Amino acid sequence: METKNLELKPKYTAKDFASDVDVKWCPGCGDYSILAQVQRTAPDFGELKENIVWVSGIGCSSRFPYYMNTYGFHGIHGRAAAIATGVKLVNPKLQVWVATGDGDSLSIGGNHFIHACRKNMDIKIVLFNNKIYGLTKGQYSPTSEKGKITKSSPYGTVDFPFNAIKLADAAGATFIARTIDREPKHMQDMLKRASSHKGLAFIEVYQNCTIFNDGAYAPLTDKNTKEDNVLYLEHGKPLVFGKNKDKGIKLDGLKPVVIDLNDGKHSVNDCWVHDEFDNDSTRGFILSRFIDIENMPTPIGVFRQINKPTYGEEYWKQVQDVKSKKGAGDYNKLMFSMNTWEV
Amino acid sequence: MAKESKIVEDVTVRFAGDSGDGMQLTGAQFTETTAKVGNDLSTLPDFPAEIRAPAGSLSGVSGYQLHFSSSDIQTPGDSPDVLVAMNPAALKVNLLDLKPGGTIIVNTDSFDDKNLRLAKFNSNPLEDGSLSNYNVIQIPLAQMTMEALKDMNLSVKEKEKCKNFFALGLMYWMYNRPIDVTLKWLETKFKNKPEIMEANKKVLMAGYHFGETTEIFTTRYEVKAAELPKGKYRNISGNEATALGFITASLKSGLKLFLGSYPITPASEFLHELSKYKNFDVVTFQAEDEIAGISSGIGASFAGALGITTTSGPGFSLKSEALGLAVMTELPLVVVDVQRGGPSTGLPTKTEQADLLQAFFGRHGEAPLAIIAAKSPADCFFAAIEASRIAIKYMTPVILLTDGYLAMGSEPLRIPEFDELPDIDVKFRTDPEGFYPYLRDEKLSRPWAIPGTPGLEHRIGGLEKQNIYGTISYEPDNHEEMVKIRKQKIDNIANDIPELEVDGNDSDDLLVLSWGSTYGAIREAIRNARKKGYRVAHAHLTYLNPFPRNIKEVLDKYNKVLIPELNTGHLALLIKGRFLKDVIQLNKIKGRPFKVAEIENKIYEVLGGTNGN
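Protein sequences appear in the order of chains A and B. So for the first sequence, our numbering puts the first residue at 8; every next one is plus one. So for the second sequence, our numbering puts the first residue at 26; every next one is plus one.
This is chain A alone, in the form it adopts within the complex:
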């Protein structure tokens, strides 16, 4: 593997990462914000531009690589994680990102997504979750809430949605985070954190589709309501939220409970203190379920980040082990070393 000399690395700006292709998402689409935050933070990804690869599947989200002035591969529906796996395994020095959507990675590409997580592939997956199929003009997605009325569910959906964070954690991702398109600074922070993570980094971005699912995240983004509905996760800090920072979360056994910090009975000392690096997944699992529990705020931030060997690391280590035992392969070893006879 080549060693990088970051001192000699050019000083990039956001512009260096913008390709010359016109961006063609609908006006007001949350994807613009994701693109802007990625371009703004890419200079801090610690990687030479030519070593960055963006891979995508199909969907609005998956046009993303065209707009990045890095190497890019616009794949087929659902297969981005599998394509990215091939890229990363043969050239471990590359920093490989996947731009995908809720349909692309949680429906048609669900298998590749969970297995990339399970194997702890050293790739970074940014999932644009708008809870709708945009490119095909408005059918429900695997993250649409139950009962959702869409073109393909005129009487409401009857199926239950996936919880992407829960799924990623359960499948074995080692960096799991959520952010919102309308939280640029927060998103930048998550992207930088993901860029330096070793192993599968998963960021779910709540992204508004202005055409087919406008306002899906309004309670989390409207000035008047967001502070009561969004819980910012910070390592080592108590889970506190609300306009006046007057609400907290405490754990009652395994049950999360909202407490009023001004009721005279509770204080911030009763609150659950967030530990991003908890190797035990129990608390992360409880946190991921907040969105499925009524009256709980929606956590954004890093749910969990743990340290585990990556698939690539283990693979190439094995190659080195075999090489040290058998010696590097050559044609004669390949063909003449066993069970031959002379005529």
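Rather than coming from a laboratory, the hints here were simulated on the basis of the structure. If you're wondering where the values come from, they're calculated on a predicted model, not measured in any experiment. Misleading hints may appear alongside valid ones.
[To be verified] To give a feel for the contact side, a few chain A residues facing chain B, derived at Cβ under 7 Å:
| no. | residue |
| --- | --- |
| 1 | L101 |
| 2 | V247 |
| 3 | N251 |
[Unchecked claim] DSS-like, lysine-lysine: derived pairs with alpha carbons at most 30 Å apart:
| no. | chain 1 | residue 1 | chain 2 | residue 2 |
| --- | --- | --- | --- | --- |
| 4 | B | K61 | A | K332 |
| 5 | B | K281 | A | K333 |
| 6 | B | K124 | A | K333 |
| 7 | A | K315 | B | K301 |
| 8 | B | K124 | B | K615 |
| 9 | B | K615 | A | K340 |
| 10 | B | K227 | A | K324 |
| 11 | B | K184 | A | K330 |
| 12 | B | K452 | A | K56 |
| 13 | B | K418 | A | K56 |
| 14 | B | K615 | A | K324 |
| 15 | A | K262 | A | K250 |
| 16 | A | K340 | B | K255 |
| 17 | B | K227 | B | K184 |
| 18 | B | K218 | A | K332 |
| 19 | A | K100 | B | K209 |
| 20 | B | K452 | A | K340 |
| 21 | A | K100 | B | K301 |
| 22 | B | K509 | A | K31 |
| 23 | A | K340 | B | K301 |
| 24 | B | K301 | A | K205 |
Backbone N, C-alpha and C define an ideal beta-carbon position, used for all residues, glycine too.
The hints should help you fit chain B onto chain A, whose structure is shown.
Relative to the frame of chain A, chain B by itself:
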């Protein structure tokens, strides 16, 4: 008693028993030894799709056929001269294939009521006279094995499991083979189980000595070494040969080899084989599914490796969409389809050639790619190298068709020296000056610009591209132009491959045109027909898309063209459609390869003579 030794040219034996009886292993050992003796040989295992079907049942019979000779041979033999049947079911399933008057060696210990019933025999064939046309040799194999091991401290079950080695030892005696190859193999195989090693050795020798001492046998046979081209040889199965071919292509090209693959019968051995070669920097990725297998291969190629994926029928179908992506992104990729009986799950362990039209047309849109087919187990080695060479040089996916018969069958490979094999040049683009992702060279190939190269950052994908520039384009004229360019690029390969060779004369009465694994049977059939005075020419297609540039010329020379295929007529359809040439078909769809006699008889039928002219 001194025994007569008789020299014969050519023998076919089949070992058959329960799938737990170790028949594949017995056959493989006999093959290994026979190779060392210097015979030409060809093998075909035949086993059920079930790993362990109920013991004694007809569906659980596993067989291994070996044809060996002192002259050049091409097939595992039409009908065995000798059948070793470990139980009644094995006898029942294989008897019909046996040569009239052939020898049957049966394990009489297994001919009890229960096993006879399981094999659906109404009476015991060893007693009812139904085998009177055969030379039946009855041996209580299990008892004799127990007797040989009576002093050993092993369980009855462990002892019983050695009985296949008694049969093997006996066969070694019968055909004058040395036993040391197998003794040596046992030493390595059971290095950590000395008791088992000892037991198997004892039983093997007991079988051998039994042949010598018993009065049942009066004759043993000798098959002299064949006159093969000089060189170093190894016995090789099609799947092994394919794997070694790709590693060789990797060495020739200097590219890392990446295999994305999902286990599927009968292609899995390829994945097993390649997984052993980590010291060659080979990446074998056992993917979560068939689609991930090919998609990861495409990613690997994009990143500058030789990406390949291996599969069989059902998996081949699943890879269709990604194959289109590889066509569109114009990346090198080799897809190996080990054809098996279809459709759907079909006949997983049986052979067929019914994926040819899928290889040609099994993608949406205009998606031409290169197709080549291997003709024998050893030829898989060369076909894999050639598929890689074309993929890299023409920046295109290539489908390499083999089949169950080639994959599992084996024959000796004369190992070529590295320098005898074609070079594979790789030129990664590094110069940013004037670079566009879909620039074309004189062959119409686009540049391979891999991530990590400064100044060449670019985006590709499945959407239609503007020629040269590679940007997304929905422009009507550009799309038509790109469709034509992609086709022309594949057609250009015809300038880079050998012309179709004809074995025979222009004035012959019949041309037999073949592709894939039928090669061996057809060659032997034609040889036999010529001996009888028939004038038959043979042309075999390794390259199916594009066809060799002189194919029309060859076809036009003959009034009668016969195309034998293990399908309903895929190549025949292509030849008729493309060249407006009427052809005669011989089709077999039984999950089994052609017998030489089947082809021969068709030749006689077409040419109007009777067998023997």
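Hints and how they fare:
Given hint, A:L101 at the interface with chain B, holds; its Cβ is 5 Å from that chain's nearest Cβ, closer than 7 Å. A hinted interface residue such as A:V247 counts as satisfied when its beta carbon comes closer than 7 Å to some beta carbon of chain B; here the least separation is about 41 Å, so the hint is violated. Below 7 Å, beta-carbon pairs count as interface contacts, and A:N251 has none with chain B, the closest being about 48 Å; its hint is therefore violated. For the suggested pair B:K61 and A:K332, the alpha carbons sit about 29 Å apart, so the restraint of at most 30 Å is met.
A distance of roughly 18 Å separates the Cα atoms of B:K281 and A:K333; the hinted pair therefore holds under the 30 Å criterion. Between B:K124 and A:K333 the CA atoms are separated by roughly 48 Å; this puts the pair beyond 30 Å, and the hint is violated. Straight-line distance between C-alpha atoms of A:K315 and B:K301 comes to about 26 Å, which keeps the hinted pair within the 30 Å bound. As the CA atoms of B:K124 and B:K615 are separated by approximately 20 Å, the hinted pair is consistent with the 30 Å bound.
A distance of roughly 40 Å separates the Cα atoms of B:K615 and A:K340; the hinted pair therefore is violated under the 30 Å criterion. In summary, the hint linking B:K227 to A:K324 is not supported, as the alpha carbons are separated by about 43 Å, beyond the 30 Å threshold. Of the pairs offered as hints, the one joining B:K184 and A:K330 is violated, with about 39 Å between alpha carbons and a cut-off of 30 Å exceeded. With a C-alpha separation of about 22 Å, the suggested pairing of B:K452 with A:K56 holds against the 30 Å cut-off.
Distance hint between B:K418 and A:K56 is fulfilled; the C-alpha atoms sit about 28 Å from each other, no more than 30 Å. Restraint check for B:K615 and A:K324: not satisfied, since their Cα atoms lie roughly 47 Å apart, outside the 30 Å limit. Among the hinted pairs, A:K262 with A:K250 is consistent with the structure: their alpha-carbon atoms are about 24 Å apart, no more than 30 Å. Under the criterion of a C-alpha separation no larger than 30 Å, the hint pairing A:K340 with B:K255 is consistent with the structure, at around 20 Å.
About 11 Å separates the Cα atoms of B:K227 and B:K184, which keeps this hinted pair within 30 Å; it holds. At roughly 24 Å between alpha-carbon atoms, B:K218 and A:K332 fall within 30 Å of each other, so this suggested pair holds. Using a Cα cut-off of 30 Å, the hinted pair A:K100 and B:K209 is violated, with the two alpha carbons roughly 46 Å apart. At most 30 Å may separate the alpha-carbon atoms for a hinted pair to count; B:K452 and A:K340 meet this at roughly 27 Å.
About 25 Å separates the Cα atoms of A:K100 and B:K301, which keeps this hinted pair within 30 Å; it holds. Between B:K509 and A:K31, the direct Cα distance comes to roughly 29 Å. Compliance with the 30 Å bound is thereby established for this hinted pair. Between A:K340 and B:K301 the CA atoms are separated by roughly 13 Å; this keeps the pair inside 30 Å, and the hint holds. This hinted pair checks out: B:K301 and A:K205 have alpha carbons roughly 28 Å apart, not beyond 30 Å.
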